[in-house]
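Chemist: Protein chains in written order, with this note's numbering: chain A, 7 to 253; chain B, 4 to 198.
Please keep in mind that the hints were generated in silico from the structure rather than gathered at the bench. These numbers were taken from a predicted model, which means no experiment stands behind them. It is possible that part of the hints are untrue.
Unchecked claim - From the structure, some residues in chain A lie toward chain B, with a derived Cβ separation under 8 Å:
1) N74
2) A136
3) R210
Backbone N, C-alpha and C define an ideal beta-carbon position, used for all residues, glycine too.
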Amino acid sequence: MPNTAPAAHRKIERNARDVVVRTKDLAKHYGEGEAQVRALNGVSCEIYSGEYLSIMGPSGSGKSTFFNMIGGLDKPSDGSVFVNSVDIAQLTPRELAFLRCHTIGYIFQTFNLITVRTALENVTLPMLFAGVTPDEAEERGMKLLETVGLGHRYHHRPSELSGGQQQRVAIARSLANSPAIVLADEPTGNLDLRTGQEIIDLLRRLNTENNVTIISATHDHKMLDVSDRVFHIRDGVLAEIEDKSGA
Amino acid sequence: MSSSGERGGFQNVDPPFWVAWNQALASIRVRFLRQAITSSGIALGIAFFASVETLRVATKTVAPEEASRTQWLIATSLVMCLVGVTNSMLMSVTERYREIGTIKCLGASDSFIVKVFFLEAVLLGTVGSLVGALVGTGLFSLVARFSGGSVTLPQALSVIGLAVVIGVVMTVAAAIAPAVQAAKMPAAAALRVEI
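Make the full structure from the sequences, and use the hints.
Modeler: Structure follows, in structure tokens:
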């Protein structure tokens, strides 16, 4: 665990790679009194810019809670999350919306595309929130769809696409505003083996080519092979950090 | 690749109005049947109100007890209308929590989400109330004529106008409260909701 590693060692590592997300004593409780559930119980960690990080843990381990916290989707009960050195607990709802729009891209297990919009409109929506003109958004949206191999299906609605294709659209959408971080919550959970592998390869490719930090909560062992580091979360604490980058 | 730090901190950008408008239109177009049912619920309530109001206007001489009975009828029709509309709009917001959570993840501000639901409610409310008011007033102008009363065109128009205003206000009021609540939810909570 780097928490217990010598400070000097950690400093060198931090100089070599920028820290994009940092958490300090992060905790989340649900409910009150005796019925209180401590989903997350003091997690401190650093996530480096450009790395491919997997978060592993059984169901109920606090993995999803941790994921929601670092994505600014939920507020911690205790401790803090810093994204690009900004404490996100201090942000107003509007600033948080800005952060989600520009700095973080999200990918979900259930794809969560906007059902009433076409693939292209799904990809361009975050750009419109960022104030990009419609023409430019369309052009960039088409490029992103081509990157994920779906340029020819831009006018289809999510219901007309397969699961793997929907997840590709979701990946294109997550990259809409060139975020520093992409958060993927079990991106292969609803896909068959082959399609899941394709999605993992795609994420890894985007990670190397665009230098985007990928943080992925997963059960999937295929995901571990491509990860730089793996966080193992058990019972609400960061039990183990596995470094696979060979450094 | 640029990040927010390089863009000069946090600015307050809201997308232009047409983004919300297009989202509202797309939502109505794609869920057309569902929305048509909502709208016809509004139309029914407003038609009832418009017909009672038309009869009241058409009747020249009114006994006092008759007048109070009509007032009761109008009050009842409005309550009926309100319950129906609230129910439909509440449903249409709650069944879309997940969509709201997703849009929040994409960077929508709370006000954008409320704006979309506001526009949808205005559109549905206008169409539903207009249809209801026209049917109610039209039908009962005929009924009034057969039973000896009469309705002038300005009278009919004012009934229709009043009914449409009431219908739109009710629809918007019924949609805004749950929409504001949904927009303020943490995104994770909105995404977790299973309907």
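Chemist: Now look at each hint and say whether the structure bears it out.
Modeler: Quick rundown of the hints versus the structure:
1. N74: Since chain B brings a Cβ to about 4 Å from A:N74, closer than 8 Å, the hint holds.
2. A136: This interface hint holds because 7 Å falls under the 8 Å limit.
3. R210: Interface hint status for A:R210: violated (17 Å vs cutoff 8 Å).
Violated hint for the displayed structure: number 3, the only one.
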